[in-house]
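Novice: Here is what each chain is made of, one letter per residue.
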Amino acid sequence: MSGQHTPLPYWVIAPFLGGSGTLWWGVLAWGVIGAALTAALVHSRDRRWWGGALAGLVTGGAGGVLLLAPLWFVLMPLLDRRCQRCGALSVATAAACSRCGAEFTERGWAETLSGLANNVARVVITLELALIAGGIVLELSGKDALNTYRVLFEWGLGTPRARANSLLAATPLILTGLGTAIAFRAGIFNVGVEGSLYMGALAAAWVGFTFTDVPGLLLIALAFAVAAVAGGLWGLVPGYLKARLRVDEVVTTIMLNYVAIEFTSYMVQSGPFFVPGMANAMSKTIAKQAQLPRLIKGSQFNATFFLALVCVVVVLLIMTRTRLGYETRLIGDNPLFARWSGVLVGATILQVMFLSGALGGLAGAGQVLGVHYNFTARFSRGFGFDGLTIALLARNSPVGVLIGALLFGALRSGGTTIELFTDVPIDLVDVVQALIIFFVAVDLNLDFLSRRRRAAQPQEPVATPAA
Amino acid sequence: MTLLRMTGITKYYPGVVANDGIDFEVEEGEIHALVGENGAGKSTLMKVLYGMEKADAGQIYLHDQPVNIPNPQAAIRLGIDMVHQHFELVPSMTVAENVALGHEPRRGLFVDRAAMLERVRALSEQFGLRVDPAAVVADLSVGEQQRVEILKLLYRNARLLILDEPSAVLTPQEVDDLFAVLRRLVAEGRTAILITHKLREVMAVCDRATVLRHGRVVGTVRVAETQPETIARMMVGRELEVIRRTQTQPPGEPVLVVHNLHVRDDRDLPAVRGVSFTVHAGEIVGLAGVEGNGQRELVEALVGLRAVETGEVVLMHQPVTEAGNRRRRALGMAIIPEDRTRQGLSAPSTLTENLVATRYHRPPYSRNGILALRPMRAFAQQAIRQFDIRVRGPNVRVRTLSGGNAQKVVVARELAEVPRVLIAAQPTRGLDVGATQFVHGELLRLRQAGTGILLISADLDELLALADRLLVIFEGQLVGEMTPETATRERLGLLMAGRGVAAEVESVSQG
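Residue numbers (the numbering used here), protein chains in the order written: chain A, 1138 to 1604; chain B, 195 to 705.
It is worth saying that the hints were derived from the structure and are not from the lab.
All of these numbers come straight from a predicted model, not from anything done at the bench.
Just so it is clear, CB atoms sit at the ideal spot from N, CA and C, and this is done for glycine as well.
It cannot be assumed that every hint is accurate.
[As the list claims (entries may be wrong)] Which residues of chain B face chain A? A few of them, derived with a C-beta cut under 10 Å, are: (1) 248; (2) 514; (3) 518; (4) 522; (5) 526; (6) 537; (7) 542; (8) 543; (9) 569.
If we strip away everything but chain A, and leave its shape as in the complex, we get (with noise of 0.2 Å):
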């Protein structure tokens, strides 16, 4: 090893450096789009320019200099790497000691929390990029997009019921989210969360006006727990398609999403649930014990979303402590390393849409539980396609889930208000999302570039010397 530099200040070339540097490029970028984001809100309120640009420079400035300063001036140096050989010390993000060129066995702390900050920085960023995105499609079309987006805000987050409004909009989302994002990970585009959702919603009613003797707290773990398994065994269908006959499952699970909602649909409409008397397409209505009280006053908020966090709990052991998790993430990486090595790929896909489409079943009969009391025909609103953009957005991980289903439900919430308040058509809460749909798949394809420029890299320092 040779080549000794003189170590340039640490704030010089931290970014240029690998994984911190593209989170000092987030952080920066985050304070930009801050700046101009508070600027034109400051301008649309008192219409003068240079009003705004000070508010922004604050803000953006306040941003940079909150989250940039201690990071690196304070929080990094704290992170220096004391080399086990020589004791000299590097900068927390070395491979290896900058004095006598021994490598670091250990993954360093910057390495963990510049990880953690680039994802959350990513979905951030993303949803700034959307929202600016959809502000030019408002004002040009017309409408004041400011005023647009403080109704959306208010109405997302602005007071407790508004906020309990979002989180119920996210309950759904986190489930759906999650059932989709474990498929991914396992490497199948499975599409057919929304077919599992009604199968599942389609079993909780029916165990809901079925078994009206039973007790409350049971008939509730018996309608989830039955939502669960229909939602599941509807999975298995396009899995057992896929693991046997090797069908491709986007078509199978698509083709399957219009099966599930059709049968539910004429179920209720001229099925056996069809309830004479009634003008709309629903089942009777569930048992007094099992419909989930509300939680808070104004707002149909109920136990289901305590459910989905524990589930995204769930999600996140099962995925990093079991031999499931562990067989999902191999074949997601490499199905044919998988295979050369033992795993019984067919039946981790069996598992793996199982456990998808009952994730699916879970917030199917969470709807029905807490918020609608029966099933009724096609209530779903593109949830599992929500879900679907979620784990996308989220990168497949059960945390990223949670907060990207927790963003869309503040969208979805306050975007019900919009039409109320001002002359933009809900269809904007769409756009934002389509838009939202976009800077993921651009993000996705940066990603791609900087990986293929990784690759193209010489793999690892030179091995040393044999004694």
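Fit chain B to the known structure of chain A by using the hints.
Specialist: Only chain B this time, still in chain A's reference frame:
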């Protein structure tokens, strides 16, 4: 006279000095070997010369004039051109179309096909590159495709040709043809740089050799005045003991018996056609053959990843013809797959995850479906020590490892417990001398310990040094069986090319 001079070439990658003040000179009209282990900096130096990478320091002179090469187009304009390891040809187009691609002779708006064919034919005759300009590339053998690549360079008027490991995909006879072409090139006033780590090739065809190690020049030697051992020592920086099978040991019980095996390939064509052989405990059976003669399908059938059409596979006295990979592994089979990066490893996963992939499902690595992370980590640390894997720790991603180190991960996983049967497919392909030696040593250690080994290799030196018995496969059939003592490179080469089949089959049926 000096054609090319590179001085003080230095190239940093994050955390690595790939080239450290390299001085490199090539004379006009010579074949110059650039040798060194993987990661020594050969490819980086040539990427700098070809304009694919920008050096952090240093200067390139062509005919003593300083030149600036910011991209491959500039290199090509200066007459510097490269044949890459992976060919860049359009399979559906003809030889002439591939050669002229982007520089077609034109008549008005249209490509002048007659002129194009004529020019390519003239070039191929001038340099002795035998290939039909009108043939479609998809129909050509690998050796012929390589000739098309070289023609492409000559068509673009390359004066200095860089060939990156050109012999890796060729049969011994094709390598000889390539050497003839190289000599012809030089006779016609061209110059060639040959990137390689095979000493035999350096000795056979090169005028001078520059040896790199750890990003620096160890020295430049005249091949005619140098012993191969000297160059080997320069490459690895220490004496190399040639590893080979020492004493013969009586074969033990049969551990792998294959009887009249027929297997079809992905296009549903017969790939393995009636193969029978037996591997005994404590024996290395070498399977020689040019790639694409059914070895891949045979291996996949043996490890339980490809359906057998007819025939029988018996592993440790158990019929396993229908059994999956996990069952065969449970009976004591280990596998070093041919494609290290895709079949042998999962690049995005960590070292630990890769090392436990064949044992995670049994105690102590997991119980009742729950992973035991601590034993997994301990196993990884133990493997890192035992097999000398040079990494920062068990949590690094395997994608960051070099070829030799990555193969050590595969070997560590498969050989951590002594298997009863080992299927080793091209276990040293692309590895440098040191890593190859390591793998060979491990194979012999296992043989000693009583493992029955099937070694599939395209490297005759490897087979001759290690195998107790040699089988030759050609178009899915075993066309010869011999001991290393009775085998010669020539005889093997002919069998591998499908010549002399009749005579060998006779001798097999008699034996």
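Novice: Quick one, is the residue 543(B) hint okay against chain A at 10 Å, beta carbons?
Specialist: The hint holds - residue 543(B) has a Cβ within 10 Å of chain A, the shortest such distance being about 5 Å.
Novice: Holds or violated: the hint that residue 569(B) contacts chain A, with Cβ atoms closer than 10 Å.
Specialist: Violated. Min distance 13 Å.
Novice: When the nearest CB of chain A is found for residue 522(B), is that gap smaller than 10 Å?
Specialist: 8 Å, holds
Novice: Holds or violated: residue 518(B) as interface residue toward chain A, Cβ cutoff 10 Å?
Specialist: With a closest approach of 7 Å, the residue 518(B) hint holds.
Novice: Should the interface hint for residue 248(B) be scored as holding, given a Cβ-Cβ cut-off of 10 Å against chain A?
Specialist: Violated. Min distance 13 Å.
Novice: Holds or violated: the hint that residue 526(B) contacts chain A, with Cβ atoms closer than 10 Å.
Specialist: Cβ of residue 526(B) sits 13 Å from chain A, so the hint is violated.
Novice: Report holds or violated for the interface hint on residue 537(B), using the least CB-CB distance to chain A and a cut-off of 10 Å.
Specialist: 4 Å, holds
Novice: Hint check: is the beta carbon of residue 514(B) less than 10 Å from a beta carbon of chain A?
Specialist: 13 Å, violated
Novice: Under 10 Å is the threshold here; is the Cβ of residue 542(B) close enough to any Cβ of chain A for the hint to stand?
Specialist: Residue 542(B) check passes; min Cβ-Cβ to chain A is 5 Å, inside 10 Å.
In the structure shown, a violation is registered for the earlier hints numbered 1, 2, 5, 9, in ascending order.
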